[in-house]
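Asks: First to last, the sequence lines map onto chains A and B. Its first residue numbered 1, the first sequence is counted upward by one per residue in the numbering used here. Its first residue numbered 1001, the second sequence is counted upward by one per residue in the numbering used here.
Derived by calculation from the structure, the hints in this document are not laboratory data. Check each hint, because a few of them may be wrong.
[As the list claims (entries may be wrong)] So the derived label-pair ranges between C-beta atoms look like this: (1) LYS17/A with GLY1290/B: 42 to 48 Å; (2) HIS108/A with GLN1109/B: 53 to 59 Å; (3) LYS25/A with PRO1057/B: 14 to 20 Å; (4) ARG1095/B with PRO2/A: 50 to 56 Å; (5) ARG1145/B with HIS9/A: 23 to 29 Å; (6) ARG1077/B with ASP64/A: 16 to 22 Å; (7) ASP94/A with LEU1313/B: 58 to 64 Å; (8) SER37/A with PRO1179/B: 56 to 62 Å; (9) ALA1310/B with ASP94/A: 51 to 57 Å.
[Claimed, not checked] Listed below are several chain B residues computed to face chain A (Cβ distance under 10 Å; list not exhaustive): (10) ASP1010; (11) PHE1013; (12) SER1230.
Glycine is no exception: its CB is placed at the ideal position from the N, C-alpha and C atoms.
Now for the letters of each chain:
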Amino acid sequence: MPKYMLLLHNDPAGFAKLSPEEMQKATEKYMEWTKRSFVVDSKRLTGEPGRVIRATNGQTRATDGPYSATKEILGGYYAIEAADYDDAVRLAMDHPHLTHGGTIEVRHVFGT
Amino acid sequence: MEPHTSSLLDHLFRHQSGRILAHLTRLLGPQHLETAEEAVQEAMLRALQTWPHHGAPDNAPAWLFRVAHNAAIDAVRRDRTGGLKSAEFVEALNRAAVHTPGDPDFEEQLRDNELRLVFMCCHPGIPRESRVVLSLKVAGGFSVREIARAFLAADEAIAQRLVRARRQIRDQKLTLDMPHGTELSERLDSVLEVIYFMFNEGYGTHEGEDLIRTDLCFEALRLGEMIASSSISAPRVHALTALMALQAARLSARTDDAGDLILLDRQDHSRWDEHLIALGFHYFERSIAGDRVSLYHAQAAIAAAHARGAKWLEILDLYEQLFALSPSPVVALNRAVAIAKVAGPADALAAIESLDLPGYHLYLAVRGHLLLELGARAEAAACFAAALECRCSEPEKRFLRRKIAECDQGAGVAIGLPLSTT
């Protein structure tokens, strides 16, 4: 079965206006989604915004980043199994991340 | 379809946020209420980011506590304005971190802090109309949007009120110290007034679909129980808690499946919540101690009489007692319902004739009902139509339209009285 990576981007500040009750509802929805049968792996990524290493003029340097115009960060990922790209997109389509202002990047893991 | 095993305990976040906030506010002082609020928010955000991937921890309250604690320490360390005396606060926070929710002594301390926070929210230095909003926000864990929805107000208005209230806390240097003597008694009255208002706002028959209103009732009941079980309780606290429990027991019986109102005398008693009725009687019995009969006592007695299925004559007598304590037009209107049951519609109509309740839909609805019972159909229809013009909820509007149709048809099927008797 082909594998796909779902990369979850969002601006965590977007949750600031939610009440504890709404935060709990959101957490439960995320938890439910993670338990679906096609989810192979899922992890949270911390230490935002992270460090980016680049080589400039032969010198490698680590800087804070990646900086972008938006305040979106890559906060977590899922590895899922799907029949094909369309199927993967369809499965990701009802992830609660999307109703909370986040974006999901869907990538095919080559060779699977 | 996967089984929904991801549900957390009902209202876990809401209840924990109130407790953690009270705890942090005790350590940092109410001047830094916002720092404490941000730390609590941070803990919930961490839960949202972590639990879906790694599962909820076995002891979720302790997890939230620890993370909020750490967030508060970070905030204190980051603070450059000097408002937070860093070293001192970090030390206090670290010292408090050894406790875990669930440990009986610490639970006691947490309840005490929550109580102190509610009492601070009801301080006379904070305007009356802000007290309930502040209490819901900080002790109840409600958001600005939820409070606005519950009070049918604009988000901005509620947010403004909170900003002002926080400033008043800072400017007047309010503390979490409990008042003593007569000041304590006065403050308790202020707290009960806020709880009573909170409950009534939630209980009013507005758009029934909105669960936030029911939440308001249960938050008021929770606060009532919290004070009732504390060392500063008084008979009137038990009376108010009894009143709320007995009324809340009827919440789900008040509307049918279509969301239409069912009045008290038509309600299916088997739909009343037995647990809440029992709780109500438990507090009602305890409220009898002491010699002061409060308004809460008189109202609780009426609610208890309804719950027991008492005769209308007894209920009328209780309304007379309530009216003696509080001779307001609204009480007189409610009393008229009992008069109608005991002495008939003509006497009830005479009793409300002189009441001054302009624009109050329930007054017009009761008047219409009594006129209808007396056979004055055209006049009754005019009353119901006038009631429809007032501010009332959708279920109430549907009810009034049914009554108008009834007047027109000439078929005399009395539905009942549209009162706070739902």
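Asks: Against this structure, judge whether each hint is valid.
Replies: Each hint tested on the structure:
For LYS17/A and GLY1290/B, the Cβ-Cβ distance of about 45 Å falls inside the hinted range of 42 to 48 Å, so the restraint holds. A beta carbon spacing of about 54 Å between HIS108/A and GLN1109/B agrees with the range 53 to 59 Å that was offered as a hint. Between LYS25/A and PRO1057/B, the C-beta spacing of about 19 Å keeps the proposed range 14 to 20 Å intact. A C-beta distance of roughly 54 Å is found between ARG1095/B and PRO2/A, which places it inside the suggested range of 50 to 56 Å.
For the hinted restraint 23 to 29 Å between ARG1145/B and HIS9/A, the CB-CB distance of approximately 25 Å keeps it satisfied. The hinted window of 16 to 22 Å between ARG1077/B and ASP64/A holds, with their beta carbons roughly 19 Å apart. A beta carbon spacing of about 60 Å between ASP94/A and LEU1313/B agrees with the range 58 to 64 Å that was offered as a hint. For the pair SER37/A and PRO1179/B, the beta carbons lie near 58 Å from each other, so the given range of 56 to 62 Å is met.
Take ALA1310/B and ASP94/A: their Cβ atoms lie about 53 Å apart, and the range 51 to 57 Å holds. Against a cut-off of 10 Å between C-beta atoms, the interface hint on ASP1010/B holds, since the closest Cβ of chain A lies about 9 Å away. For PHE1013/B, the suggested interface contact is upheld, since its CB lies about 4 Å from the closest CB of chain A, less than 10 Å. The interface hint given for SER1230/B is violated, since its Cβ lies 23 Å from the closest Cβ of chain A, which is over the 10 Å cut-off.
Figure legend: structure checked against the earlier numbered hints; the only hint not met is number 12.
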